Amino acid sequence: GDSVTQTEGLVTLTEGLPVMLNCTYQTIYSNPFLFWYVHYLNESPRLLLKSSTDNKRTEHQGFHATLHKSSSSFHLQKSSAQLSDSALYYCALRNVNTGNYKYVFGAGTRLKVIA
Amino acid sequence: GGIITQTPKFLIGQEGQKLTLKCQQNFNHDTMYWYRQDSGKGLRLIYYSITENDLQKGDLSEGYDASREKKSSFSLTVTSAQKNEMAVFLCASSITGQSNERLFFGHGTKLSVL
Numbered sequence: 007g008d009s010v011t012q013t014e015g016l017v018t019l020t021e022g023l024p025v026m027l028n029c030t031y032q033t034i035y036s037n038p039f040l041f042w043y044v045h046y047l048n049e050s051p052r053l054l055l056k057s058s059t060d061n062k063r064t065e066h067q068g069f070h071a072t073l074h075k076s077s078s079s080f081h082l083q084k085s086s087a088q089l090s091d092s093a094l095y096y097c098a099l100r101n102v103n104t105g106n107y108k109y110v111f112g113a114g115t116r117l118k119v120i121a
Numbered sequence: 090g091g092i093i094t095q096t097p098k099f100l101i102g103q104e105g106q107k108l109t110l111k112c113q114q115n116f117n118h119d120t121m122y123w124y125r126q127d128s129g130k131g132l133r134l135i136y137y138s139i140t141e142n143d144l145q146k147g148d149l150s151e152g153y154d155a156s157r158e159k160k161s162s163f164s165l166t167v168t169s170a171q172k173n174e175m176a177v178f179l180c181a182s183s184i185t186g187q188s189n190e191r192l193f194f195g196h197g198t199k200l201s202v203l
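Protein chains in written order, with our numbering: chain A, 7 to 121; chain B, 90 to 203.
By construction, these hints were calculated from the structure, which means they are not laboratory data.
Don't take each hint at face value.
Said to hold, decoys possible - Pulled from the structure, derived: some chain B residues nowhere near chain A, Cβ distances all over 12 Å: (1) LEU108; (2) ASN115; (3) TYR153; (4) THR168; (5) GLN171.
Unchecked claim - Here chain B is said to cover these stretches of chain A; the calculated rule only asks that three of the stretch's residues, wherever they fall, bring their Cβ under 8 Å from a Cβ of chain B: (6) 73-86; (7) 112-119.
Since this is a predicted model, take the numbers as computed values, not measurements.
Glycine included, C-beta positions come from ideal geometry on N, C-alpha and C.
Modelling step: build the complete structure from the supplied sequences, incorporating the hints.
As structure tokens, this is what we get:
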């Protein structure tokens with residue numbers, strides 16, 4: 007079945023340094039949708055980015071990611087971390103038009119930004 | 090905009106007890122999901138439903154039942170709570186089959202079993 011692998015556990019960064027959270031996936035289908043969801047403390051998880059287009063950069067709220075089908079990757083990046091970026095980040099995959107409505111999530115990466 | 094409401098926000102149960110979690114959405118979305126959130130394990134799918142009265146098992150369905158009697162609501166039952174179990178259960182809904190599809194989540198129900 008489909009699977010998603012993320013940078014494990016906790017990533018601690020000093021404010022102002024670049025953010026890179028890794029996400030790779032496995033699927034037998036050729037046109038997956040990849041998503042990044044962010045879960046701030048005491049809020050509900052919400053969509054940060056999504057893409058289904060190979061080699062096209064997607065940006066939102068200072069974060070960006072590019073789906074690379076050749077390497078099955080969708081890494082999340084930001085040029086300069088802010089204290090407010092501290093949260094739990096999930097990478098997820100969904101194969102549309104396959105009759106399968108499942109979203110498959112990675113284990114999550116907790117980002118902690120310190121001053 | 091719409092909202093997903095999960096009740097209760099906190100649920101404390103006893104070992105062996107049957108516990109029910111409820112979820113309501115006013116997006117008019119067809120598909121609804123129940124995920125379990127555990128630290129280091131991500132979001133694992135318990136059940137989902139693509140329409141009223143439909144139920145599909147996820148990877149973690151053992152020990153749970155679900156019910157989708159109305160399009161707007163999706164409930165999850167822990168059939169026998171396990172001692173010292175602690176987890177957050179997240180309900181979500183989505184429009185499916187469209188280019189703008191995405192999941193919308195509720196705030197979660199935090200379960201503690203004594």
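Comparing the hints with the structure gives:
| no. | hint | in the structure |
| --- | --- | --- |
| 1 | LEU108 | holds (21 Å) |
| 2 | ASN115 | holds (15 Å) |
| 3 | TYR153 | holds (16 Å) |
| 4 | THR168 | holds (22 Å) |
| 5 | GLN171 | holds (21 Å) |
| 6 | 73-86 | violated (count 0) |
| 7 | 112-119 | holds (count 3) |
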